[in-house]
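Chains A and B, in that order, give the protein sequences. Position 142 (the first sequence) corresponds to 142 in the numbering used here; numbering is contiguous. Position 260 (the second sequence) corresponds to 260 in the numbering used here; numbering is contiguous.
Just so you know, these hints were derived from the structure itself, not from any lab. Any given hint could turn out to be false.
These stretches of chain B come out as covered by chain A in the derived footprint (C-beta under 8 Å, 3 or more residues) [what the hints assert, rightly or not]:
1. 165-175
2. 203-209
3. 223-232
4. 241-247
5. 252-265
6. 450-462
Note that CB positions come from ideal geometry on N, CA and C, so glycine has one too.
Given next are the chains, with one letter for each unit.
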Amino acid sequence: MKPSGRPSVYGLMAEFETAQGLVEAARRAHKEGYRKMDAYSPVPIEELHDALHMHDERLPKMVMIGGILGGLGGYGLQYWVSTMAYPLNVGGRPLHSWPMFIPVTFETTILAAALTAVLGMLALNGLPQPFHPVFNVPRFALASRNRFFLCIEARDPKFNVERTRTFLESLGSREVTTVED
Amino acid sequence: MTQIPDIRNSAAAQARATAGPGPQVPVIAPGYSFATVTDKISAIVLTRKTGLGWWFGFGIAFLLVNVLMISVAYLLAVGTGVWGVNVPVGWGFAIINFVWWIGIGHAGTLISAILLLFKQSWRTSINRFAEAMTLFAVACAALFPILHTGRPWLAIYWLFPYPNTMNVWPQFRSPLIWDVFAVSTYATVSLLFWFVGLIPDLATLRDRSESRVGRVIYGALAMGWRGSAHHWHRYETAYLLLAGLATPLVVSVHTIVSFDFAVSVIPGWHATIFPPYFVAGAIYSGFAMVLTLAIPIRKIYGLEDFITERHLNNMAKILLVTGLIVAYGYMIEAFMAWYSANTYEIYMMRNRMTGPYGPFYLALILCNGVMPQLLWIKKIRTNVLFLFIISLIVNVGMWLERFVIVVTSLHRDFLPSSWGRYSPTVWDWGLYVGTIGLFLALLFLFLRFLPMISIFEMRTLVPDAERRALPQVDSEGTR
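Let the hints inform the model, and build the full structure from the sequences given.
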């Protein structure tokens with residue numbers, strides 16, 4: 001709860017007409033010392049990763065682990081079924097006939113890795129998330145069409161409604177809106 | 001600092017390089033911006049009036065779905081005896097159609113995953129509906145082996161490993177079990193890939209939908225996507241990883257399908273050429289189907305600006321290349337039969353060419369080996385009508401190929417006393433035509449309710465994205 005009965009503020013959002021403008025603004029906001037902020041765009045913009053200094057390398061590692069577990073699980077299942085749970089003696093052929101287990105091992109590896117990639121991406125992104133304060137800004141619907149937004153959040157230690165607004169307005173934004181929580 | 005390269009933007013950059021002033025037709029017609037691309041594609045779903053043509057097409061497809069329902073109901077009530085399969089041809093239409101459908105699906109994954117990794121930006125306007133085609137084709141394919149088990153609800157214990165009261169487990173040394181894992185993995189990964197690609201576009205539809213129902217449904221499916229830079233960062237990573245995983249997967253699926261044949265000892269099936277020859281055949285038939293669908297769709301929905309002549313030309317070239325690989329497979333099959341000096345192999349080949357099913361073999365060579373050679377001529381590659389006809393011919397040819405492989409090898413094997421003939425019954429045809437109806441009905445629904453072209457990826461192809469989405473400033477210099 002914010003003091004003094006004002007509607008609680010999630011942050012301040014500036015709208016830009018070009019990706020160039022957004023990247024430039026993100027860079028300057030970071031330089032200014034703002035850390036708790038996010039940029040919204042209708043297309044992925046690689047330059048934003050640098051501008052916002054995001055380096056999340058967890059997903060590839062998770063996928064790697066998922067794939068390894070899937071492979072081990074698939075192979076282990078076949079080994080257990082063929083040698084322990086249901087051993088079938090067919091003319092004395094070996095029970096642990098590993099070359100025949102490779103195709104299924106391969107498929108379970110891919111399956112587990114792909115599931116990890118998608119579910120991991122969604123989980124790290126915090127999706128599904130039916131509601132988010134940025135949707136309170138009416139013009140934000142254009143973030144999925146042709147407009148670019150930068151939102152500095154109120155939880156940033158440097159955040160101050162007046163000063164941050166002045167700063168965002170100085171970045172050449174089209175409009176600065178208060179995002180209500 | 002390691003970073004996942006933004007493959008779409010670099011693909012777009014490459015597109016611009018080749019789409020410049022040279023003779024090359026661009027991948028997107030000039031004059032589009034982020035806004036117009038978004039509006040044009042989303043309008044097809046959101047505001048365009050559902051035309052009579054759509055109802056007519058969907059109506060016919062829905063009628064065929066009913067044929068499917070009746071065929072399935074009758075089959076389940078009476079048993080697989082209603083089909084034409086019997087000793088010695090135990091694998092009739094069921095396996096022919098299974099391989100045909102699953103092969104068609106392969107082009108979708110090739111376009112969405114392999115062409116993405118190769119940075120072929122022209123894939124962008126066709127990948128969405130090619131992936132949808134994959135999903136629907138795999139659904140149709142899966143029906144056949146499931147129904148071929150006769151009583152599918154009793155077959156689960158030997159198809160999937162789960163603790164059952166009989167304490168019986170699947171035989172993991174059988175290619176048929178490999179098939180179960182390959183096809184179910186393929187269906188799952190294709191669905192994931194398609195859905196992940198759809199998320200940002202679903203958000204666009206949510207934001208642009210005028211109706212409350214649309215906003216709620218698209219909104220629920222978009223899961224709260226808001227285009228955050230942090231989200232895009234992980235999204236791009238996940239998409240690229242999925243592409244990397246789907247690439248070996250698509251090769252493995254048809255390889256394993258070919259193992260169903262190659263691991264046996266039947267003359268004409270027991271061949272090492274089968275995996276590559278099947279994979280090439282799958283891509284060949286898949287691209288033929290993409291062309292068969294893309295040519296009318298771009299015309300009807302007025303998408304010539306997005307699916308340009310360049311796309312058709314490129315797909316025709318892939319058709320030609322894979323067609324040549326398939327033709328090479330036919331030659332090697334005949335050569336190996338002769339070179340092996342094996343009585344049964346030689347007889348199988350002679351019987352295949354001149355036996356009771358000889359005309360099918362001849363038709364197959366004409367459809368798959370001879371007709372595609374016309375694609376060497378650029379005038380034909382860029383002639384929409386000719387290309388459409390050739391794509392239909394290839395679809396038929398690839399179906400004939402599976403017919404010839406399955407039937408000619410089985411109907412006369414080692415023992416003349418057990419020779420026989422195969423002919424499909426009306427229920428075989430009902431099921432086959434019914435799956436075509438299911439495929440088309442799903443496709444019609446897809447065209448009506450989801451964006452058939454990836455909107456957010458098309459934005460990256462917009463020429464002025466160069467100025468707007470890709471700042472030319474050196475990232476270090478301005479810091």
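We went through each hint and held it up to the structure:
{"no.": "1", "hint": "165-175", "result": "holds (count 8)"}
{"no.": "2", "hint": "203-209", "result": "holds (count 5)"}
{"no.": "3", "hint": "223-232", "result": "holds (count 10)"}
{"no.": "4", "hint": "241-247", "result": "holds (count 4)"}
{"no.": "5", "hint": "252-265", "result": "holds (count 3)"}
{"no.": "6", "hint": "450-462", "result": "holds (count 3)"}
Against the hints set out earlier in the document, no violation occurs for any number.
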